[in-house]
Amino acid sequence: MSLELIDITKRVGAETYIHPTSLVLPEGSFNVLLGTTLSGKTTLMQLMAGIQSPSSGTIRFRGQDVTRFPVQRRNVSMVYQQFINYPNFTVYDNIASPLKVAGMSAAEIDRRVGAAAELLRLQPMLKRRPSELSGGQQQRTAIARAIVKDSDLILMDEPLANLDYKLREELRDELPKLFAGRNAIVVYATTEPSEALLFGGNTATLHEGRVTQFGPTSATYRAPRDLTTAQVFSDPPINIADVEKHGNKLKVFGDESWPAGRAAENLPDGRYIFGIRPHYVTPLPVKAKTGEIEGRVLVTELSGSESVIHLSVAGKTWVSQSHGIHPFEVGSQARLHVEVNRGLFFLPSGELVS
Amino acid sequence: MNKTVNNRAWWLVLPVFAMVAFNALIPLITVVNYSVQETFGNNEFFWSGTTWFKQLLHDDQFIDSLQRQIIFTATVLVIQIPLGLVIALCMPRSGPWVSVCLVLMSLPLLVPWNVVGSMWNIMALPDIGLLGKGLNALGIPFNYTRQPVSAWFTVILMDVWHWTSLVVLLCYAGLVSIPDAYYQAARVDGAGPWAVFRYIQLPKLKHVLTIAILLRFMDSFMIYTEVIVLTGGGPGSTTKFLSIDLVQKALGGFDLGPAAAMSIVYFLIILLLSWLFYTLMMRSEAK
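So the protein lines, in turn, are chains A and E.
Just add 51 to wherever you are in the first sequence, counting from 1, and you've got our numbering.
Just add 1280 to wherever you are in the second sequence, counting from 1, and you've got our numbering.
A couple of the hints might just be wrong.
With a cut-off of at most 25 Å between alpha-carbon atoms, the simulated PhoX-like pairs for lysine-lysine come out as follows [to be verified]:
| # | chain 1 | residue 1 | chain 2 | residue 2 |
| --- | --- | --- | --- | --- |
| 1 | A | LYS151 | E | LYS1484 |
| 2 | E | LYS1486 | A | LYS178 |
| 3 | E | LYS1484 | A | LYS178 |
| 4 | A | LYS217 | A | LYS228 |
| 5 | A | LYS178 | A | LYS151 |
I should point out that these hints are in silico values taken from the structure, not numbers from a laboratory.
Since the model is a prediction, treat every value here as computed from it, not as a measurement.
Isolated chain A, as found in the complex:
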């Protein structure tokens, strides 16, 4: 009882949009597609919906082969980054539109629209037109239209990207509640790792048309299978350094020497790529086994409660994200602490080893 993508690909002309991809999305699951722009999120969604058909491979839904079914026969709904509603319909008629197409009775339509409007707090606006609504309300209307018809598959393509900060947070909190207790498979595309972490569920990380990893969100975050996944699933970007392990010491950036720590303890000596997320690099001394880096301060971003410091270390940019306000002068030299124990070790080929 699920949506299965089996070895699907999508090529247009000489360009490959989706490399062979297999995914199984269980019924009632919330799945995040995480990747930068042009990583293939939208194409993958359109393949799932049947708006485009794959160049090769099979798509099964509840065991049935639906690869060649057009979107009309798939019972899916979509929400887009732009707020897509019928411009001259009222909010009520907009939400009711898929039900009318399905030929439902007026009483049933009324009941369902009422329920969807209540969930999305749209009752006071039912008689208005989309142009008279705020961006947040327009997107709520689009979401109501997506959930009203009990679709098997609900696809959301960066639905919050065009909303301002406040509305985004609000809707972000509400979204998972909307889908709780439904059988629909929800797929949510985003460029922001923080959104994936917030929603939980499963996350598929995408990079240049490949799904690099798919699994429960927290597991994918904590143990990325390879460097690419770690890079996709880290914002600010994960810090990278080439390290050389000798016994219980790590040689980093030529002259720094770090304790190998728990993570690298059992690795054979040799060259590795060390990756560490910015919040484990801090200006404050930490108790655990730490290394240090020194570099020139490029940028400091101070928000109310945290500091983000960009540092140029031996030609690479490192980012530190820490609680509290730590003013550093741009251009000055700074020494930061690295919680080596929290780091990830990859082989030069990119595979995670520890």
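With chain A's structure known, arrange chain E on it following the hints.
Frame of chain A, contents of chain E only:
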């Protein structure tokens, strides 16, 4: 720092003010001035009050050309707006043919108005013109210098050829600005091509169409050059539109007063109809 407070900034507005005054206000006021006076040349003017306006309202020639004008403009709008919309809908949205289509569509708009008149004049000649000779060869009697029907047909055809492109370009610009996601959303909903047109494209084109109708209304109501070159208002005065009537009065008869009164009435008609149309469109929007 101290801010200097004075009224010197007004000088900056002066050039624009002077320009508007010279090209709009002063000529308009001159015309108003003429419309209430009588002259016999020699720069002598006599006050005549509203005589010319009263006369105009009972002037059969004016009423006739106004009627012709209204029929012409209505016909042209009824043909050009739907035709332009249909052509725009048929044009490709992407690929190499886009620029070919756009260039083809822009061509008629680049032709000078009197050249358009001459082109159609030659084209419609019954003995050598493609259109005139062709129609006669098909057994349809066609002579635009003799038969009013032929003359009207040619004038309307010419205007459709000349100006439909404008509607096409405006509609096309409106169509390409509709995000792709709308079409996709419609497909997900299972909407057919008619529903897509009726519920997505048409509503999204509303403003563009308003502008297109307004522009075509004003322009066709003021048509002069092409018709003067093509038929000269004939045969008889069957294609004598308002502007032709006006020019004949003002220059031919040197009836400055009546011509000025007519200009003002003419101007007010266009202003009033445009304003009415625009307000009605915008009011239905607000609802």
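For this session: Check each numbered hint from earlier against the structure, then list the numbers of those it violates in ascending order.
Result: none
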